[in-house]
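K.L.:
Fit chains B and C to the supplied structure of chain A, relying on the hints for placement.
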Amino acid sequence: MLAVRGLHAHYGQAHILADVELEVGEGEVVALLGRNGAGKSTTLKTVSGLLPASAGEVHFLDRRIERLPPHRIARLGLGYVPEDRRIFTDLTVMENLEVGRQPGRAGAPSWDEAKLFALFPNLAAMRDRPGGRMSGGEQQMLTIARTLMGNPRCLLLDEPSEGLAPLIVEQMAAAISTLKREGLSVLLCEQNLHFARSVADRAYIIESGRMRFSGTMAALAADPALREQYLSV
Amino acid sequence: MSAVLEVEDLAKSFGGVRAVAGVSFAVAAGELLALIGPNGAGKSTCFNMLNGQLRPDTGRVRLAGRDIAGLPPRRVWRLGVGRTFQITATFASLTVRENVQMALYSHAGRLGSMLARFGGAFVAEADALLDQVGMRAQADRVCGVLAYGDLKRVELAIALANAPRLLLMDEPTAGMAPRERGALMGLAASLARARGIAVLFTEHDMDVVFGHANRVIVLDRGRLIAGGAPAEVRADAAVRAVYLGGSA
Amino acid sequence: MTWSSILIQLLNGLAGAASLFLVSAGLSLIFGVTRIVNFAHGSLYMLGLYGAYTLIETFGRTPLGFWSGVALAALLVGLAGALIEVAILRRIYRAPELFQLLATFAVVLVIKDIALFAWGPEDLVGPRAPGLRTPVEIFDKRIPLYDLVLIGIGPLVLGILWLLLTRTRWGTLVRAATQDREMVAALGVDQARLFTSVFFAGSVLAGLGGALQIPREPANLELDLSVIADAFVVTVVGGLGSIPGAFLAAIMIGVAKAFCIGIGTVQWFGVEIAFSKLTLVVEFLIMGLVLIIRPYGLLGRPPAQQRHSGEPAPPLVPPGWKVAAVWLVPLLLLPAAGDRYLVVLATDIACFALFAASLHLIMGPAGMVSFGHAAYFGIGAYAAGLLFKRAGLPMEAALALAPLAAGFAALIYGWFCVRLSGVYLAMLTLAFAQISWSIAFQWDSFTGGSNGIVGVWPAAWLASKTAYFYLALAVAAGGIALLWRVLFSPFGATLRAGRDSPLRLEAIGVELRRYQWAAFVLVGALAGAAGALFAFSKGSLSPSVISIALSTDALIMVLLGGVDTLTGPLAGAALFTWLRDEVARRTEFWRAVMGLVILAIVLIFPQGLVGGVKALVARWRRARA
Chain A
1 MLAVRGLHAH
11 YGQAHILADV
21 ELEVGEGEVV
31 ALLGRNGAGK
41 STTLKTVSGL
51 LPASAGEVHF
61 LDRRIERLPP
71 HRIARLGLGY
81 VPEDRRIFTD
91 LTVMENLEVG
101 RQPGRAGAPS
111 WDEAKLFALF
121 PNLAAMRDRP
131 GGRMSGGEQQ
141 MLTIARTLMG
151 NPRCLLLDEP
161 SEGLAPLIVE
171 QMAAAISTLK
181 REGLSVLLCE
191 QNLHFARSVA
201 DRAYIIESGR
211 MRFSGTMAAL
221 AADPALREQY
231 LSV
Chain B
234 MSAVLEVEDL
244 AKSFGGVRAV
254 AGVSFAVAAG
264 ELLALIGPNG
274 AGKSTCFNML
284 NGQLRPDTGR
294 VRLAGRDIAG
304 LPPRRVWRLG
314 VGRTFQITAT
324 FASLTVRENV
334 QMALYSHAGR
344 LGSMLARFGG
354 AFVAEADALL
364 DQVGMRAQAD
374 RVCGVLAYGD
384 LKRVELAIAL
394 ANAPRLLLMD
404 EPTAGMAPRE
414 RGALMGLAAS
424 LARARGIAVL
434 FTEHDMDVVF
444 GHANRVIVLD
454 RGRLIAGGAP
464 AEVRADAAVR
474 AVYLGGSA
Chain C
482 MTWSSILIQL
492 LNGLAGAASL
502 FLVSAGLSLI
512 FGVTRIVNFA
522 HGSLYMLGLY
532 GAYTLIETFG
542 RTPLGFWSGV
552 ALAALLVGLA
562 GALIEVAILR
572 RIYRAPELFQ
582 LLATFAVVLV
592 IKDIALFAWG
602 PEDLVGPRAP
612 GLRTPVEIFD
622 KRIPLYDLVL
632 IGIGPLVLGI
642 LWLLLTRTRW
652 GTLVRAATQD
662 REMVAALGVD
672 QARLFTSVFF
682 AGSVLAGLGG
692 ALQIPREPAN
702 LELDLSVIAD
712 AFVVTVVGGL
722 GSIPGAFLAA
732 IMIGVAKAFC
742 IGIGTVQWFG
752 VEIAFSKLTL
762 VVEFLIMGLV
772 LIIRPYGLLG
782 RPPAQQRHSG
792 EPAPPLVPPG
802 WKVAAVWLVP
812 LLLLPAAGDR
822 YLVVLATDIA
832 CFALFAASLH
842 LIMGPAGMVS
852 FGHAAYFGIG
862 AYAAGLLFKR
872 AGLPMEAALA
882 LAPLAAGFAA
892 LIYGWFCVRL
902 SGVYLAMLTL
912 AFAQISWSIA
922 FQWDSFTGGS
932 NGIVGVWPAA
942 WLASKTAYFY
952 LALAVAAGGI
962 ALLWRVLFSP
972 FGATLRAGRD
982 SPLRLEAIGV
992 ELRRYQWAAF
1002 VLVGALAGAA
1012 GALFAFSKGS
1022 LSPSVISIAL
1032 STDALIMVLL
1042 GGVDTLTGPL
1052 AGAALFTWLR
1062 DEVARRTEFW
1072 RAVMGLVILA
1082 IVLIFPQGLV
1092 GGVKALVARW
1102 RRARA
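Protein chains in written order, with the working numbering: chain A, 1 to 233; chain B, 234 to 481; chain C, 482 to 1106.
Looking at chain A on its own, in the form it has when it is part of the complex (with noise of 0.2 Å):
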């Protein structure tokens, strides 16, 4: 579905990427791990567009998508969240999904008001809040719910258990699971190692914008030096 080869990309002068390669497969959940500063964010957001690749491919459902703008590559149906959550907080609830809304499309579940409420039931009760208003594991909801709104058969989700409440995060892996359950394919980043594995089949190891490791889960469970030397906590 998604696949990244030999991405680079800079930032000013630093460069961030360096030789990225990934995968994505139909239905799949995939996580990327790596500490912050290790080139998550920067991963996505250049396959969603909104960071420039110095070199490199980035294919989705067969088609080149690294040099198109990013409204042209959500409306392909690959859906960027965002990690610090970016929802318009002058926005109702209702107005930021009405922001994010895309026609339905063919080979994706098809998402509307009533059924990202039943998501979330969170958001159900405040419709016409505005984003500003709420605490942050709302907001967070609120920035996928957004993002589900366009229909997309991928979701790039950027930490979406970051500086959460325990208790929001075992819903947000819930809800990632029943994403998975509708037949989307998900790219997750994340730090915490205990979220990505309760919702992923595969991971990757980002650091210093290259990556370190490739592989199930269940063998990066297995390998305690590589969690240590990558990842933290």
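Everything labelled a hint here was simulated from the structure, so no lab data went into it. Take these hints with a grain of salt, some might be off.
Said to hold, decoys possible - Computed list of chain C residues with no C-beta within reach of chain B, every gap over 12 Å: (1) Ile573; (2) Leu702; (3) Leu759; (4) Lys946; (5) Ala999; (6) Thr1048; (7) Trp1101.
As the list claims (entries may be wrong) - Derived coverage of chain C by chain A (criterion: at least 3 residues anywhere in the stretch with Cβ under 8 Å from a Cβ of chain A; other residues may be distant): (8) 644-654; (9) 668-676.
Since the structure is predicted, the reported quantities are computational estimates derived from the model, not experimental observations. All C-beta atoms, glycine included, are put in the ideal place defined by N, C-alpha and C.
P.N.:
Just chains B and C, lined up with the frame of chain A:
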């Protein structure tokens, strides 16, 4: 040990929401105190009331006995508080050495001169500070092109330039590679001990917290829920419930 | 004043506020989404006025003809705005913000000449609104019915805008994009189309604002810049990005102006005060007051940090003596060529080079963009002229004291300016320049009004063009050398540091504002020196030395040369002055030609000329290596 910083009953609300609700603690000279807690617990608000960015609603912040609550950041600095930022704040168009010199010139009250040439004075002092943080070799590079970890070191050098009594470090190792993290905090710890500087830092990396802090305090929803030696805090049931979870 | 006359002035003010609100709302809307300060917004207003004039003449002076003319004019202006966005601005959204600004200046020049070509230089007095001509009697006073209609149109448009913004998908997208346009794009919204539609809507508002004024004010070619100045004041007072704020501010300012005109001339304690001439001063007072109480305007909020991946400014390289000598020696030998015209041109260039270099210091290294730098140039020029003619001082003394006067003005204006940053600051500087201009223009008895001051000639020993050229060269070179010296002093380093990271600077014990304020005074004084030098070289001066047009000229010089280099502003000043001279000698429509040249440069070299050349050289070196 004498307390360099004493915080008493500090509180701040935003639009009716109590971000920090009565927090008290103290940091002694040469001590590293870690302030941890989930995002949104009030760590940043708490920090910003100590460095002058925010004025507390109530409470006292005493630096070596003097109440500094509500003073603007530049006054707080002049009283001997150095700080590093969560997202590094350096002067991108100046060289590494010039960045440190800015702080040294400011400390000496010599930034107002319009005709002298900047950069002539405090070269040795700046280089000595850069030596301590391991940035001497890059002294002539412009900050705008530095790697993130190096910027963190430059910040530390800037923060030490006014010979502070108290160092405030907001997530000092965020964005650094694992090996760099330990090195930076080890450096901060040794400098603090050698010079008797009190260090207060927030941090999400528990390796850093439990590896380098002398004491840890935990903030949740604006209140301190635990405090003490790292091992005690690590074992604390309440802390595990709201923050650490089962893995640490 | 009686109650009835107060009521009449109130109604008058409210009627005037309608157009002001429409223009400002459009400006706010466009800025909110695209982050472009559309300098050409006043030009669009002007086009609306001219367009309505012609359309109503064509359709006939009937109610149908009038209103369809107004509506069609607004629509056509909207299309013109959309065209500007598609043809020019869309290509440079990724360029630095200042370059987008430069492009809109160029559009101002082009539109002015299009209007000149299409409608001629004379003022065009439009028809009264058919069917609404009859005055209404209110308390034995008469007020045109049309004014009452205008009073209704303001809230009507506010209501429509509110509905559009809150009840339609387009409005939701616009509000979302105002906050985080990158995120909107990541959610699948085509930014280009959204921007074009916002430009269209904003331009319709500007066009409508202009067209509705047709019964009240003659169409003329000066409207573009005077309206943009008014719109800036309204926007700053109301709060950037707040449409209800613009509405409130427009009413406050419209009413205050109407009262000034209504009061007319009064005697207070034996002093005659002509309130009708103080309209701009009152605008300024309101703005000053609001900014002191609410720095971000009545309903404004601190500007949300729009995400942009702007690269940090590159380091400045101190200029070497050798380089300076390479340039100075040919300049010293220039009079030997024996071309009188060349010497006069070089004198002009010297004045403008100092002017541009002074602007460069605050907008480049200090990071404070000024839209009104001509204020100090002009005050310097006027101070020199007045000291020479009215105080009878010798020319040398007048020239030496003029910078102090300009510096003093900068001391006062700067106190306000350094409290703001970014676009707010820029708009405020423009407003100050406009106030200075209006004082020079309106205070006939002191400044000579629109005629200015004549007979401002240099002393006998400087009477020859060559002698004066050497004086100008010496003053300019000295001033520029001083500016550069300051730039590399601890003070200058503090300014650069403050632009890079105000947060860090505050955290090392520095109160940035004080340094910025001092920088304002310094560059004000040097711009004043340039102005005084210019006045004596021409022998006369007029309010045009404080005009917005001159302020934008200075900006163009700096941006054309490149704001990130020291020599760029000088190259820009030379190129601009020479080019304008060359083009102006050949065609009446020199502005349009200049505008097109600037647009071409903007599209080809988004880093400015010197920056562009440097990039080319770097690429060439790399290719050879």
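K.L.:
Run through the hints listed earlier and report the numbers of any the structure violates, in increasing order.
P.N.:
The structure breaks only hint 5.
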